[in-house]
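Now for the letters of each chain:
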Amino acid sequence: MKNVSFFTLFFMFFLFLANLSAQSNEMMDQFFSNDQADLGTSTYLILASAGKIEESSSIEDALLWLEKEDISNMMINLDAGRDITYGELAYLMMEVYSIKGGLMYSIFPGPRYAAREVAYRKWISGRSMPGRSLKPNEVVNALMQLIDEMEKIK
Amino acid sequence: MKKFLIVFLLTSFLTGIAAADYDWGGIFENNSEYSSLDEELTQYNRMAFWGRGEFSPELNIYAKGAYIFAYDDEDVEHLPDLSAFYLYGSLDDLFSTGLGYRVGRFRFRDPGSLILNSTADGFHLSFPGKHLPVTVGVGFTGLVFIDSSEISMSPADEYENLDDDAVLATPRLIQYVSGRYNDLPGGTSLTFSLIAQEDLRTDDFIEDHVSGSGQLHTQYARLAVSGRFSPDLFYSVSSTLQTGQYVIPDPSDNYNYLAGMAHGSLEYYPDFDMNPLLSLELLCSSGDSWSNRSGWMGNVGDDTDMLHRFTPVSKSGKGTVYAAQPGNLIYADLSSSLKPLETVQLILSSITFFRAVDGPVSDTSIIEASGDGLYLGEELDFTVNWRPYSDLGLALNSGVFFPNSAVIADDDPQFSMGGYFSFSF
Numbered sequence: 049m050k051n052v053s054f055f056t057l058f059f060m061f062f063l064f065l066a067n068l069s070a071q072s073n074e075m076m077d078q079f080f081s082n083d084q085a086d087l088g089t090s091t092y093l094i095l096a097s098a099g100k101i102e103e104s105s106s107i108e109d110a111l112l113w114l115e116k117e118d119i120s121n122m123m124i125n126l127d128a129g130r131d132i133t134y135g136e137l138a139y140l141m142m143e144v145y146s147i148k149g150g151l152m153y154s155i156f157p158g159p160r161y162a163a164r165e166v167a168y169r170k171w172i173s174g175r176s177m178p179g180r181s182l183k184p185n186e187v188v189n190a191l192m193q194l195i196d197e198m199e200k201i202k
Numbered sequence: 005m006k007k008f009l010i011v012f013l014l015t016s017f018l019t020g021i022a023a024a025d026y027d028w029g030g031i032f033e034n035n036s037e038y039s040s041l042d043e044e045l046t047q048y049n050r051m052a053f054w055g056r057g058e059f060s061p062e063l064n065i066y067a068k069g070a071y072i073f074a075y076d077d078e079d080v081e082h083l084p085d086l087s088a089f090y091l092y093g094s095l096d097d098l099f100s101t102g103l104g105y106r107v108g109r110f111r112f113r114d115p116g117s118l119i120l121n122s123t124a125d126g127f128h129l130s131f132p133g134k135h136l137p138v139t140v141g142v143g144f145t146g147l148v149f150i151d152s153s154e155i156s157m158s159p160a161d162e163y164e165n166l167d168d169d170a171v172l173a174t175p176r177l178i179q180y181v182s183g184r185y186n187d188l189p190g191g192t193s194l195t196f197s198l199i200a201q202e203d204l205r206t207d208d209f210i211e212d213h214v215s216g217s218g219q220l221h222t223q224y225a226r227l228a229v230s231g232r233f234s235p236d237l238f239y240s241v242s243s244t245l246q247t248g249q250y251v252i253p254d255p256s257d258n259y260n261y262l263a264g265m266a267h268g269s270l271e272y273y274p275d276f277d278m279n280p281l282l283s284l285e286l287l288c289s290s291g292d293s294w295s296n297r298s299g300w301m302g303n304v305g306d307d308t309d310m311l312h313r314f315t316p317v318s319k320s321g322k323g324t325v326y327a328a329q330p331g332n333l334i335y336a337d338l339s340s341s342l343k344p345l346e347t348v349q350l351i352l353s354s355i356t357f358f359r360a361v362d363g364p365v366s367d368t369s370i371i372e373a374s375g376d377g378l379y380l381g382e383e384l385d386f387t388v389n390w391r392p393y394s395d396l397g398l399a400l401n402s403g404v405f406f407p408n409s410a411v412i413a414d415d416d417p418q419f420s421m422g423g424y425f426s427f428s429f
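Chains R and X, in that order, are what the protein sequence lines are.
Residue numbers for the first sequence follow the working numbering, beginning at 49 and rising by one.
Residue numbers for the second sequence follow the working numbering, beginning at 5 and rising by one.
With the rest of the complex left out, here is chain X (with noise of 0.2 Å):
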């Protein structure tokens, strides 16, 4: 019997081989720039593989990993980086609902990509109902690499980020549900998510290395509508509620969140020759005063219960030059796009850029006795890209931000500007 069991195996599994199709391939990428900011060249080299087999429609497979050496003025980095590990597949024959599965390490979204883009393990299961396709998915963050981690930092995980010797991202439990009704006049859709953080740090940790610092467990609602007005003018808004608890176990208290962010997107595409793209993107995200924190990564004030900055589950900056992270921030981004040729490709962006209130935002170089002005500074970008050949591509990207001098201290105009190269095997 277990002889047989072992040949009905090993037959299934090479016939499973026999019948699968598989690809693989590479991809090199370079990204070289220099920022007056941080008065440093950085390089960033990466060599990745992937490679996919598809067995059945139910069972399938899918490994990219990568090598990564990175350089800047001091330090030079060897990161290995595995950013996607899973299998997929859809039941449909089985529960005949379509039902669609990946269980493994993935990129973990949220339809808008502003409070969810981060790689985690975990599983994604979607039901692709003909009038409402709902996703849900669990992930967890604390296997990932803490270099190739994308999610946004409590203090606690910036001390532990200091740290040389640590090697995994900081350990957080995400959850959501998605889903997105199409059937509106005027192809017209609307997407609700619900996305929630649980941070799985130990008050023993906290107690241990960071006094003062706490757990960050944050929960958000996002509702969207997108369509468009005409066949050439598209439009997207979204509104985003966040709530939250951040726990202090010593000294102990609690503190709760209640916050909140729109964003919006236009996108005209006008019938002219060279593809031209003129688009106006809008975001607006709460933020907390000094007295309710004493900086970005500081303190709860004394007389403080509640806090107001948005903090979304992963990182993401506006602009090359000034990068600037959402909470207690508003930026509005004027953007015109042109292809003089079919593989050239020029950028020009605008970037304007105000806080909510007198407050921390992610430019730690602003504090308290820096002045009270909301506007923080204009942005200029220019990026052309040119893909000669399909698997080649090449980018030269430039900036020069000009700060508020009321707020920030620096005013002397910033500037970056670097290059970026991609070749596909």
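Just chain R, with the same shape it has in the complex (with noise of 0.2 Å):
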């Protein structure tokens, strides 16, 4: 049953990716090319697989959007560049998904509280430090599960 839905989820994945645009693309192979996974690419990937964007999106869009809903305020900076951490991470998958977590992020909603949902959730592998950068496909892993825990709800 697990492998199914595995196997489903990386079906439905890879037709996001396929989806994608040239320009996108050559986005994805620079952002698997790098060892930590950068705060743009990053923040592109969830925000287009919610549909808050359009897929031929720029990473600028994605960045513009977090400023417009006020999403950024929690977050360091919005240098594309950077590395993203495992707690913007966590709060970006909240946020964007309106997700509900525990009574201290329902309190103080941020990274620090998000990722400790997330781990809660185990939607991100590894250590749960707030701070720690990632893998670019820790958060390809982290998105597909978020999306098999959003098809679930549906």
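Hint data in this document are derived by calculation from the structure and do not stem from the laboratory.
Note that the structure is predicted; figures quoted are calculated from it, not measured.
Any given hint might turn out to be false.
To be verified - Quick list of in silico lysine-lysine cross-link-like pairs, PhoX-like style, CA-CA up to 25 Å:
| hint | chain 1 | residue 1 | chain 2 | residue 2 |
| --- | --- | --- | --- | --- |
| 1 | R | LYS170 | R | LYS183 |
| 2 | X | LYS68 | X | LYS319 |
| 3 | X | LYS134 | R | LYS183 |
| 4 | R | LYS200 | X | LYS343 |
| 5 | R | LYS116 | R | LYS148 |
| 6 | R | LYS116 | R | LYS100 |
| 7 | R | LYS170 | X | LYS343 |
| 8 | R | LYS148 | X | LYS343 |
| 9 | R | LYS200 | R | LYS100 |
| 10 | R | LYS148 | R | LYS100 |
| 11 | X | LYS343 | X | LYS322 |
| 12 | R | LYS148 | R | LYS170 |
| 13 | R | LYS100 | R | LYS170 |
| 14 | X | LYS68 | R | LYS170 |
| 15 | R | LYS100 | R | LYS183 |
Assemble the dimeric complex from its two separately framed chains, guided by the hints.
What follows is the structure, encoded as structure tokens:
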């Protein structure tokens, strides 16, 4: 059952990647060629997968969306090329997909308690340190887990 | 040169701090319970804080300390507890082997946690080989607070535990090595463990305080196999051989141990709504007859030269009400669990207790004159777990134990009820 679910999910994510424009494909190649996942591409992937921005949008569009929605307030800065942290990815996942967190997250929403929430839900593997940089495959795996959970809720 | 060295060290330290990743948090827990067996209401409150700092793959630190407020019908206790304080990391860059280490105070566990599961001070090394990852460790238990210790007590430890002035737990040196072979067909894995504990109590202490008692040294060899029969049916079986020495300084005598424990479990996850789980757990541990030992903490019999009661390094109990410890104990636990809601879990368990031989068990109300039956009784437990938020959890526990009147003098059904609350921040 788990395997079927994983392959279904992988197929869905593959379709998502396959539909990306040539410009986006170049962006993904660049993303996977780095040791650490960057903030810009990670934000783009989350927003595009949630349908918040068009797949043909740019990284700048994704970061502008964060600013417009006041999500960027809790981020260190919006430098697209810097590493995204565990806490920031968790926070983006929670806010972009409107996920209800724990009591502490509802009182103090931000990367710290978002990190606790995604660690509890086992969406991001590895150590749950809010300031830890992530590898590109960790970001993609987390996104697949998130999409899987959202599909179950539908 | 000296100035240069100081500046260098300070810069390195501050650079390390600046590059470090920190996290901290806390957890408040309350456990309240009434047990008809002890005829008392107990309450346990624990406020714990933890902190973690990650400086580099090679050097990180974790600490966890708590204040415990415990209450029963007669006593109120205020207890400090430092349950973890250790450095950890991976020395992969130095040795290219993926060697992991942990040094300081932490919980030492064997792979099944049925022999060793206690806080101690020492070190742990892990060699993550591709086919056979191995872990080794050495720990000392004598710096842990006595009220936080989970070490199985000898009669000498029991004596010291009654002393209100005693602060630190029994001094034992624990050593273990464990390996896991995963390359077997069908996802089966084979685990082996060698564990030993050395009692570091001095002859003088025992001679001065507990005549007829001794030092307890034990060794364990454990072999376990786990895997699955089908995608939804998992199993594990293990067998443990225990040897040991019970060295009595006054009057001078020396007894050997030869004991054993077998354990098995089956877990079935049927593919239905509400995430059901059915599990069966069996444990069988050897014991001493009354002629070998006069009681659970009693003296060794005159005609005895070999002891057979399985004595794990750490204490553990089965069941909510009876909470019998391994050692002359057999039990079968049939349990089922359902999640009718995403945040609610219901668990119903039926535990049947036997003793292995007509002899002492951890229930000290059973004496030699009690009867020679092996069946001890049946316990039914029911638990409701509710976790409305990821950081807030509540549980209601209840259980009833039906003793075998042929063995246990007070044959009235015994019950316990309690609640648990936890909040993390």
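| task | Enumerate the violated hints, using their earlier numbering and listing them in ascending order. | result | none
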